[in-house]
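*Asks:* Numbering follows UniProt numbering, in which position 23 of the sequence shown is assigned residue number 23; successive positions increment by one, without gaps.
Worth flagging that the hints you see were computed from the coordinates, not collected in a lab.
You may find that some hints are simply not true.
To be verified - Listed next, the in silico DSSO-like pairs over lysine-lysine satisfying Cα-Cα at most 27 Å (straight line):
| no. | residue 1 | residue 2 |
| --- | --- | --- |
| 1 | K83 | K93 |
| 2 | K21 | K93 |
| 3 | K17 | K83 |
| 4 | K85 | K17 |
| 5 | K93 | K17 |
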Amino acid sequence: ILNGEIRSIPKGGADSKLSVKYSTLPYPVETSYTVLDTDYDNYSVVWSCSGLGLFNTQNAWVMTRERNPSVSTLQMAYAVLDKYKIGRTFFVKTDQTDCQIAEPADNAVDK
Numbered sequence: 001i002l003n004g005e006i007r008s009i010p011k012g013g014a015d016s017k018l019s020v021k022y023s024t025l026p027y028p029v030e031t032s033y034t035v036l037d038t039d040y041d042n043y044s045v046v047w048s049c050s051g052l053g054l055f056n057t058q059n060a061w062v063m064t065r066e067r068n069p070s071v072s073t074l075q076m077a078y079a080v081l082d083k084y085k086i087g088r089t090f091f092v093k094t095d096q097t098d099c100q101i102a103e104p105a106d107n108a109v110d111k
């Protein structure tokens, strides 16, 4: 588990950008994330680009509320990846069969 601080990055009123500063790594690392699209109920597509000296690393995630999302949910998320020309070749589905569902925290926004 990584600990860190999250903050929104205001830019022209867009609410889709956030920054996370990870404090538990050998040295503090701050990474920005952009929510490319979400329907707020089923999926979100998140993208990140981090500078590494002369290079950068780009990552994308398709996150769904359901462990086994419907084909239509995945098609909506894949359409976002296609729109931004993000290839799906190296995407890996996370095996969640042994994951326990955590109870929402008392201060959770979406209880």
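*Asks:* Hints numbered earlier in the text: which of these fail when held up against the supplied structure?
*Replies:* none
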